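> What follows is the residue order along each chain.
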Amino acid sequence: MIDVSTTPATNKSGPASRRRTYRPNAQYIPVLATLSLLIVMYTFGAVSYENFTHPSVILNLFTNNAFLLVVAVGMTFVILTGGIDLSVGAVIAMTSTVAATLLQAGWPAGVVIPVVLLIGGVLGLGMGAVIHFFKVEPFIATLAGMFLARGIALLINQNSIPITNEFWTSIAETRIVFEPGVYISGMALVALAVVAVAAVVLAWTKFGRNVYAIGGNADSALLMGLPVGRTRIGVYTLSGFCAALGGLIYSITTTSGYAGHGTGTELDAIAAVVIGGVLLTGGSGYVLGTVLGVLVLGLINTIVNFASLNSWWARMAIGVLLFAFIVLQRLVTRKAK
Amino acid sequence: MKKAMKSRLMWPVAMLVVLLLCALIFSDGFFDIRIQDGHLFGTPVNILRASAPLVLVAIGMTLVISTGGIDLSVGSVMAVSGAMACLIIGDLSNQNSVGGVAIAVLAAIALSLVLGLWNGFLVAVLGIQPIIATLILMVAGRGLAQLITSGQIINVQSSPYKVIGAGYVLGLPVSVLIAAVVLAITVLLTRRTALGLLLESVGGSPVASRLAGIQARRFTVMVYVVSAACAGIAGLIYSSNVSSADGNNAGNLIELDAILAVVIGGTALTGGRFSLAGTTLGALLIATLDTTAQSVGIPPEATLVFKAVVVVVLCLAQSATFRAMLFRRSTPRPAARAEVPA
Amino acid sequence: MGEPPAVLEMTGIQKIFPGVVALDGVDFRLLPGEIHALMGENGAGKSTLIKVLTGVYGIDGGDIKLSGRDVLFTGPLQAQEAGISTVYQEVNLCANLSVAENIFIGRQPRRFGRIQWSEMRKRSAGLLKRLDLDLDVSAPLNTYSLAVQQMVAIARAVDIDAKVLILDEPTSSLDASEVAQLFAIMRRLRDSGVAILFVSHFLDQIYEVADRITVLRNGALIGEYRTAELPQVELVRKMIGKELATLEQLESRPRESAEQIERGEPVLRAENLGRKGAIAPFDLTIHAGEVVGLAGLLGSGRTELARLLFGADKADSGKLELDGKPVSMRSPRNAMAHGIAFSSENRRTEGVIGELTVRENIILALQAARGWTRPIAKRRQDELVGKYIKALQIRPDNPEIPVRNLSGGNQQKVLLARWLITEPKLLIIDEPTRGIDVGAKAEIQRLVAELSSGGMAVLFVSAELEEVLRLSHKIEVLRDRRLVEELDNTGDVDADRIMRTIASGATS
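Residue numbers (the numbering used here), protein chains in the order written: chain A, 1 to 337; chain B, 1 to 342; chain C, 1 to 508.
The hints are simulated quantities; they were obtained by calculation from the structure and are not laboratory data.
These figures come from a predicted structure and were not determined experimentally.
All C-beta atoms, glycine included, are put in the ideal place defined by N, C-alpha and C.
Please note that the accuracy of each hint is not assured.
What the hints assert, rightly or not - Here are the computed distance ranges between Cβ atoms for each label pair:
id, chain 1, residue 1, chain 2, residue 2, range
1, A, E137, C, A184, 53 to 61 Å
2, B, R191, A, L331, 56 to 64 Å
3, A, T43, C, E90, 44 to 52 Å
4, A, A324, B, A107, 27 to 35 Å
5, A, L331, B, G151, 34 to 42 Å
6, C, N142, B, N155, 51 to 59 Å
7, B, R191, C, V71, 50 to 58 Å
8, B, H39, A, V111, 55 to 63 Å
Using the sequences plus the hints, can you model the full thing?
Okay, structure coming up:
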């Protein structure tokens, strides 16, 4: 088609600079909403139940959810690229089983830990490679990873394996005690360290920014010359690594390895990430949001405990919150368009 | 057209044949079907019986996936449906009353329909991504199931209810018959009417479909309702088979098996063209895998690993890139050959 | 003449897609410090050549030499590292990231591996200032208009130390002052020794900035020329080739003027119909047997107007009457029930459904109107489909192959067939001839003329004024999302007259 006309002389508006329409930064709204929710829930608990304001309640949130926090951080990376990782729960099962078995066989803890982390990373790498090179959907590829990991765990041992390794039991007992009954476990600190590293990586490194770029528009990212394949494989590797670390933490807090560990953890992790305001389509969200999301899930369980309700109320509450946050995401993204 | 179907179904069929051959070689009497007390017995029959809930769920899943959606909540719906039925039957003064059981079954299916409507509402009206929208019910549904049963496992002793999952009619297992009837109805509904075409069109391009005057929203709601109904019936079969409602284990992970069955059957997760025959084949393949692994002597735990291998092999076989890679290695680049008039 | 050695030299480039030879032994070279226009009709192979050059596609034959060295790109990253940057027609940036990040992503200033955000913001603000853009560089890119996003993309490409800069239709979303700004930047870059490859549909732009022109046609090289030595008419002839004769033949067809046709009853009457942000309220009447042409530039509101009439978008003001009865148009389905059909300009995304067969695509609208419970019998389908495949000369004439295997022109015919079997009273066609070959174009034009003489009302939207003039009885001119003038297509109306209205607004 040839256009013999002159350059389009349409004068759409003034200089380009004035085109910008002012809008409060929509990216922060979901995180702020999660934070408010957390505060409201805590206030509700504090008003309704005795001893809820005890500092141990908050510290226990971190201690009890350390493994979930680590897994959710890995999931955050994956979801930021617009992907999903269903294998994390199964990786927890596999790594805890492998660790327990190796320890039982007399391997030193100093060897078992890197081996187990390596296994998680390699599984993630494999899934990432299949997703990237063969264009298999993340949902399906990580589903295969999930079957594989849980299957390997079951093949190794169907029963719960107790861990008696001294190093394991001693770090299980490691904690910083502020006053009697008020402590934070070593594992919670590990989880917080992972959070800190992840936050730095996402905000300050090329890799982190590439994650956002791919989630925003993978085709553009490719045309901009970003290493899309490497980054995509990287996030799944990272998620596998985090899941393995989560499995280690799980095996340490329970001093056992079991193929049934971590059932449904992938759902909790996804829920935490979503409630934390990370856009499931990718490209927007913060690790801090994920932390808040994990705390919300933990606080729900705490409140259900304090109210001596059955645990199914917690599932219902998580479902309702998921709904609320997904609708919120919908509204925010619609406005941004 | 026929050729395309053939190549699409070739892999799952080949896999099924290999599996059955393995079973034939390694397990004695695998294909022995005998009639006992007027009922069919034998491993193949067991496979069919075991596959009935999966086939049902996968049929609904196929329709959902054909519109470009996905339904993660089917397992939870199964649990809710079983819980509802057992709750009502448990409260009957006479658990063997056929009328009472019928009411329970209808109530369970009605509740499933409501859940499907909810999913459809989220996806079609609020415009939430299907994977996320159905995640909500997947998480909350099991809570709902336990809420219905007050957190207990409700055991029922109802012979009419037992028939659904474990009974026989004319020597054939009722659950298999139910799955076959639902399959037949779905095939008729989609291929004898224009439903199949319109669903495929919505999945192929929602925007173009709207501009062609297709009420995509209505069809979207419809497929989620159908999917939930199928899951509800599957939940009844499951709970009838074990004579109890178990909110935790009913339909656990079945959504993944069902999606797997659909993908194996050659329906792309991105929507569009679907094949109910392929899905059924996929579901049978998965059920055979589970059963055969046992009869061949592979520990049941290993079936998961096996499944993983199957998923990987099938996905790679269907991946154009992978095929191209294999192709390139064995033959020189087919540059000149690709010249076909458009 | 002392030509400097070429910075980029492509020889005998061969690229084959299943079913199509996209590039057939094409040679192309770029000299340092020149602006080189790549010209050709849609389908000539321009975009393929650019994608080969930027590493998006591999090649099936030929050599690429950059600064005299053989190169083989395996991806955009390699091309970029070798010094080839590209700005595409559609903004290829990540709108969720900030302006500064979009300029620097992949090569952010770092210290100890840590991104220096403040440094990055400072440098991008400076860079944009040199391009006369004053933006908040930390704001997400999606808070800016497309034109601004395009300028950011150029800023990114410019800042990358590029030997070769490819601009693939960068001006389509820019207004005149922005184009002028862009050209100034291009000239500055050229003078600093960058080789610029420029693609544009606007001939005037080409003659304004380009030093040299390479013409492609049907995947083959036609020639390389100095702009100064190639008159515009000659360029057009080279781009269109032999088929020009066909066009001229069509051109000479006597135009039916408004008086000559017998106007039927008004089929559609819109009064003050409008939608905020899409099209200002307008009045429009379309009679049976009449072809109404919509003329205007891209973004003038022509598609938006058509979509309102079809209910694809909802109007927020005004009234609509069909056959004299007021209706509220809520959805395409609603419009179809009133006998309106709409064929979208985005054939691939809003028109045909690629994986469905030709037959299924053709019966789709009719089937949708009947509802899913009343399928069209297979025999009736075959009959209808066979009839239209023959009438519209759809090739290949096999109704059972997926429509995505058809060429653009044939897909367009399938789309038209879909609507024609619904026997509409009013047919709205948006850019039916874009990107299709000349033969198919002529066939579609002939068809439109036939339909209207058969009594159908047609609203014909096209970017090509000649085509609008040739077919329409009445022409509605749009500018800046406003219907500015209605012209009876009598003898004294010509492209110049319409262009003046488009350029300056309403005259009467």
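> None of the hints should be skipped; say for each whether it holds.
Against the structure, the hints:
1. A:E137 - C:A184: 53 to 61 Å: Given about 46 Å between the Cβ atoms, the range is violated.
2. B:R191 - A:L331: 56 to 64 Å: 40 Å, violated
3. A:T43 - C:E90: 44 to 52 Å: 49 Å, holds
4. A:A324 - B:A107: 27 to 35 Å: With Cβ atoms ~29 Å apart, the hint holds.
5. A:L331 - B:G151: 34 to 42 Å: With Cβ atoms ~35 Å apart, the hint holds.
6. C:N142 - B:N155: 51 to 59 Å: 57 Å, holds
7. B:R191 - C:V71: 50 to 58 Å: 53 Å, holds
8. B:H39 - A:V111: 55 to 63 Å: 56 Å, holds
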